[in-house]
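Novice: If you want the building blocks of each chain, they are given just below.
There are 4 protein chains.
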Amino acid sequence: MLRYMTSGESHGKAMLAILDGMPAGLRVEDSIINVDLSRRMLGHGRGKRMRIEADKVRILSGLRKSVTIGSPITFMVNNIDDTIDRLPAVLHPRPGHADLSGAIKYDLKDIRSVLERASARETVARVAVGAVAKALLAEFGIDIASHVTAIGGIEAEIKDLGFKQLVSISERSPVRCADPDASKLMCAEIDDAMEEGDSLGGIFELIVRGAPAGLGSYTQWDKRISARIAFAVMSIQAVRGVSFGTGIGAAHLRGSMVHDEIFYEKKRGFYRTTNNAGGIEGGITTGEAIVVQAVMKPIATLGLPLASVNIRTKRPVRAALERADVCAVPAAGVIGEAVIAIELAGAMIEKFGGDSVREMKRNYNGYKEQVRKF
Amino acid sequence: MLRYMTSGESHGKAMLAILDGMPAGLRVEDSIINVDLSRRMLGHGRGKRMRIEADKVRILSGLRKSVTIGSPITFMVNNIDDTIDRLPAVLHPRPGHADLSGAIKYDLKDIRSVLERASARETVARVAVGAVAKALLAEFGIDIASHVTAIGGIEAEIKDLGFKQLVSISERSPVRCADPDASKLMCAEIDDAMEEGDSLGGIFELIVRGAPAGLGSYTQWDKRISARIAFAVMSIQAVRGVSFGTGIGAAHLRGSMVHDEIFYEKKRGFYRTTNNAGGIEGGITTGEAIVVQAVMKPIATLGLPLASVNIRTKRPVRAALERADVCAVPAAGVIGEAVIAIELAGAMIEKFGGDSVREMKRNYNGYKEQVRKF
Amino acid sequence: MLRYMTSGESHGKAMLAILDGMPAGLRVEDSIINVDLSRRMLGHGRGKRMRIEADKVRILSGLRKSVTIGSPITFMVNNIDDTIDRLPAVLHPRPGHADLSGAIKYDLKDIRSVLERASARETVARVAVGAVAKALLAEFGIDIASHVTAIGGIEAEIKDLGFKQLVSISERSPVRCADPDASKLMCAEIDDAMEEGDSLGGIFELIVRGAPAGLGSYTQWDKRISARIAFAVMSIQAVRGVSFGTGIGAAHLRGSMVHDEIFYEKKRGFYRTTNNAGGIEGGITTGEAIVVQAVMKPIATLGLPLASVNIRTKRPVRAALERADVCAVPAAGVIGEAVIAIELAGAMIEKFGGDSVREMKRNYNGYKEQVRKF
Amino acid sequence: MLRYMTSGESHGKAMLAILDGMPAGLRVEDSIINVDLSRRMLGHGRGKRMRIEADKVRILSGLRKSVTIGSPITFMVNNIDDTIDRLPAVLHPRPGHADLSGAIKYDLKDIRSVLERASARETVARVAVGAVAKALLAEFGIDIASHVTAIGGIEAEIKDLGFKQLVSISERSPVRCADPDASKLMCAEIDDAMEEGDSLGGIFELIVRGAPAGLGSYTQWDKRISARIAFAVMSIQAVRGVSFGTGIGAAHLRGSMVHDEIFYEKKRGFYRTTNNAGGIEGGITTGEAIVVQAVMKPIATLGLPLASVNIRTKRPVRAALERADVCAVPAAGVIGEAVIAIELAGAMIEKFGGDSVREMKRNYNGYKEQVRKF
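Residue numbers (my numbering), protein chains in the order written: chain A, 50 to 423; chain B, 50 to 423; chain C, 50 to 423; chain D, 50 to 423.
Keep in mind that the hints were calculated from the coordinates and are not lab data. Be a bit skeptical, because a hint or two may be false.
Because identical chains cannot be distinguished in the list, a pair is counted as satisfied if it fits within a single copy or across any two copies.
As the list claims (entries may be wrong) - With a straight-line Cα cutoff of 20 Å, these simulated EDC-like cross-link-like pairs (lysine to aspartate or glutamate) come out: (1) K315 to E418; (2) K417 to D131; (3) K233 to E245; (4) K410 to D156; (5) K158 to E245; (6) K114 to D134; (7) K233 to E244; (8) K417 to D209; (9) K363 to D156; (10) K272 to D156.
Just chain A, with the same shape it has in the complex (with noise of 0.2 Å):
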């Protein structure tokens, strides 16, 4: 069992993770996660503390000379801007946030406790954990890929392009948006959203590439990869929506136009010739490219704040103002390859036992042989 818990506040001392379940025997260098920590901090539209912050993991347990060894691996990224004693008090909700809501569950009189929280700086630990399950996935040849399809109304066109020519040409983009013209568009419509104080969302999707046929199960309601990828793509902060495959399409054609035939060729063994099921039948894997859309809402920090409430007065006020991007959508891809990538390598290991990466790959060699001669 893949399992991981974060912590750490936006102006506490750290970021953090515990990682739980990790096969010994898998090589992680420093490197391979600090490179998606600087993914996560790119993208136009980007605020004031993504240049602030310049997050580099230290990982203070788990490898011996970065090799896992299978105990629990920590993750730690810190924050120079670390002043959350000595920050003012937030009294003025952000409509948008869980600042509201947050300080009354947890009845708490000064916001700050909430939005030091809930804010998405905690997706550092995400990207950090994400990049360790990226590393045990391509030890079997699974890779995952993001790319920005619409940002504020604008919306991308992508040719039929290849796994690799995708990546290549969306992680050029400023937006990372495999369609040249469209991230021209959104970045201009991201300035313009700026100088008006206001804020934008979009979509992206994820693409996972050579994941087997089997992981995730229909026989019980929470077992089903489908539900489970949604689960960790939706528990990303501003994300609103999850598809599949066609995704919302899927609703308005026709079952013919829709589901995938099936063919076979004794040296590729089953297959589809097309993937509208986005990789995934039944809540189980199918060998195709796991394709996932997620909505993300627009940033809930406005330039130009919205109409709130002082929280002690009750007075109208206008809502607190926090450092903040004007668009997230391209780093969110990156944290929804995290997030995906957990969920994989956590089937990955359910499946193919988890011990130790030489174990895993045995049986998982196995398996491949096994589904061979089906």
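Once you have looked at the hints, place chains B, C and D on chain A.
Specialist: This is chains B, C and D only, laid out in the frame that chain A set:
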């Protein structure tokens, strides 16, 4: 902690569930469950199976004189057609179902062993569990409704209806749609698809009225009520997308148009005049109505079956033909009600304790007073 | 992941369980379950209830033609005496039972609503689940036995018997004790206690032969197989103590007398000549026999009831008299077998994957080879 | 839900833990944690490591101005000796430790990668977590103590001491034993064992005063508070047995001598004059003191090492020599306090809700009133 597991095969002896963690002192009549079991079977476009089974629940444990006693509750709905051991082998996997991946995963040479459990008949058990969860929520003035907003490309236009009106109109519609005009078009579309041996999907919406502010949490990724609801809804067979509030629309609008401004009146406390967030901010309920959309793909068993492959001979064939619906979106809404009820009942028990209804209510009232004075 | 829940009241319709996570391809005949259900009912000192119920399992799901298919398995054992709704209220809590605390916790004014579920009749369901777990373990050459080592102060002297001999002698004893002399004294002690309206407890031992080295882990507190076994065994009604290997004796000896020295022979691999540790070191199985003792307190329902208080009038009374055993230690051993089997089956599935028996065996054999070459 | 994970290797950078689910509004000073960290290091018979490390906690998250805010709390205790990557390989597994099975399980050719995590130094993190759990319990008048009842065959005779007296005497004893005479003999026995290169185990007892009736449940096997406590206590390194109340003695007495009769007085409510049950009946707390014994085996690292085998050459050798204690029973009691505190804090949060201390107290007081009027 509220938890449940279901069991049962489509043509086995029965569909069952054990629900663990309900407080003592809740009245549960079979009738409240049977009402939802009936609602689950209705809807224009359902297949013959629906006419064969007339589902009635038997509660085998957890009640004394129709009142809960804190013990696990067992639900059993008999299958009239319990011929699982005599039914012929299935060798032609149906695209869109768990058939192929399930057989590979579990190393089963007869797909019947997959489809019997992967079948949406499993939701009978979930609807039974959900009916009890609804009964608990009703004690706290929390109501749940569902309605269909799209089928086969026909989209409903829902005028600004109140909760009660929405329920009363949609419950009278043969497709559980609150737009009578769309309702007719949907029925026609279903008839058309049936004639052509095809199937349809669509979209349904869940609305929860009366949930207090403060369920769920941003403090750990797996505590967000939005993520938990997405997990539950995505675990429904054939659901391919989940969204909250204004849903996918949130991706395309600016923050100032999306976030719900905060107001205060002495009598009402904090309130909003819009509810674009769908009742959840930062993974916590706000006290406004919870609004969730679910996208359902078309039924995967088609009257005119798709291309497939015989899993023994590996020769191309047409997919297997099982009894099936043409469209099950109206029923899926009822299932959606059940799973969201279970999640919310669980969140209520977590927040207010769950040993007896009397204790829960006392704790709930104390919290309401705390919120009022916040 | 293997998990299960039980349900059912002592005089309700049935005792049930759902077991989720068993691999496909395991043969499960009702008979193997019924054998253990019968063994659970035997033993000198059992009460009248045992003669009323003749427990036979009905498997309601999860099998096709007596073979598992990966789906959850449902067990039902009917209660012949299913008069729960007609039985009179119980107002006099029995010391030693959940009666008083249960009524207070769940706010129940009739103790019957407590005792119906707190009753050890619940273990019928666990024994059924355990029989399937044993069947899985048997596929890997893992056997489980139990025997009674003490009843009412009479302690058995077990000479150095082999596993098979221990089983064959103890299974023939009316108190499941492998020391024939002690066996007789125990029976006499039971008769004596019965005559005096009193009850007896004792100690049973569980022995697991054939478990591989490497189940459980020291890497996180809740992964230790010793802790998990203690959890399971202590969850048996009336068990008050659990110990491993030489048990409490380990507290009084020096390390040099307790720890099992390590040897190696090419054919056998690593081995020990002693097994004071009871097959577990550092929370991991060593490959030696797992040996667990459980202390059972005397039955809490006495023929000559103890002092109690009427929960309505608050007047002193004698405790309620329910049908009960005088001594149930022999039966508790059978229940112990069940719960340790479930824990070990779960640990095997976790380590070797759990989709099909064929896959598990392939993975297991690969690991055995790895261990051989270590 | 209260949950925690620990991490860290004995000679790694630090020992850590994340504790998730503590209510907001609890004051937590580092000092209350450091007191227990110090108590954990004391005791006659501790090794040199204890003199090297002077453990002080750093809390990295979850507090603002020393008060909890509902967010996960991170504990870090630095290792002064953090030489893990430079320490030589260990090839000679120590009998009694996870060394051999751990290396086999995780496929590690250097036992250091096992012993670094399997080391009881991990309990530093648990003691830190436990100190916060104790602080929460203290808000409800629940106190926890531990004392040593046996070391190396010397058994204490504890006269009928009150809770406070027991604490004050045992805390002054160099072996945390409340019998001054036994205390001296234990010290002598430890000195003797040390001289002979041997080690000792023993027994400690945990006492919890002030827990309300109604924690835990008989309704499902894994909810019994006795089973949960056994799980937690047995997860402590080197613990080999757990028992409740009169412990193993209950096996040998008749029911009439064991079960605690029930009485009632208007002022006190229901009460007992004996507490043989150790505060738990039917898996639920009774309101009497919770009493738990734990058997600890002798330290497995011996000054005069036992026979072992070089895992590379397979030649017979003496087991590896790591810095170690001769006897750690007094410290184990402190660790026992921590783990039982965590279980009980979790049970309190489950029963009374856990968002803020104020809410918990309100709910608790309501329940106390309900119990009073029962």
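Novice: Each hint needs a verdict: does it hold in this structure or not?
Specialist: To see whether the hints hold, each was checked on the structure:
1. For the identical chains of this complex, K315 and E418 are intra-copy neighbours only, at 13 Å inside a copy versus 31 Å across copies, given an alpha-carbon limit of 20 Å.
2. In this homomeric assembly, K417 and D131 never come within 20 Å of each other (Cα to Cα): the closest approach is 49 Å inside a single copy and 35 Å across copies.
3. With identical chains, the CA atoms of K233 and E245 are at most 20 Å apart within one copy only, with a shortest distance of 19 Å there and 45 Å across copies.
4. In this assembly of identical chains, K410 and D156 lie within 20 Å of each other by CA distance solely across copies; the values are 13 Å between and 50 Å within a copy.
5. Taking the shortest alpha-carbon separations for K158 and E245, neither the intra-copy value of 31 Å nor the inter-copy value of 62 Å comes in at or below 20 Å.
6. Proximity of K114 and D134 under a CA criterion of 20 Å is satisfied inter-copy only: 6 Å between copies versus 36 Å inside one chain copy.
7. In the homo-oligomer, the alpha carbons of K233 and E244 lie at most 20 Å apart inside one protomer (17 Å), although the nearest pairing across protomers, at 47 Å, exceeds that limit.
8. Proximity of K417 and D209 under a CA criterion of 20 Å is satisfied in neither setting, with 29 Å inside one chain copy and 47 Å between copies.
9. When the C-alpha separation of K363 and D156 is checked against a cutoff of 20 Å, the pair qualifies only within one copy, where the shortest distance is 16 Å, while the shortest distance between copies is 40 Å.
10. Taking the shortest Cα distances, K272 and D156 sit within 20 Å of each other only across copies (18 Å), while inside one copy they are farther apart (35 Å).
When the structure is compared with the earlier hints, violations turn up for hints 2, 5, 8 and for no others.
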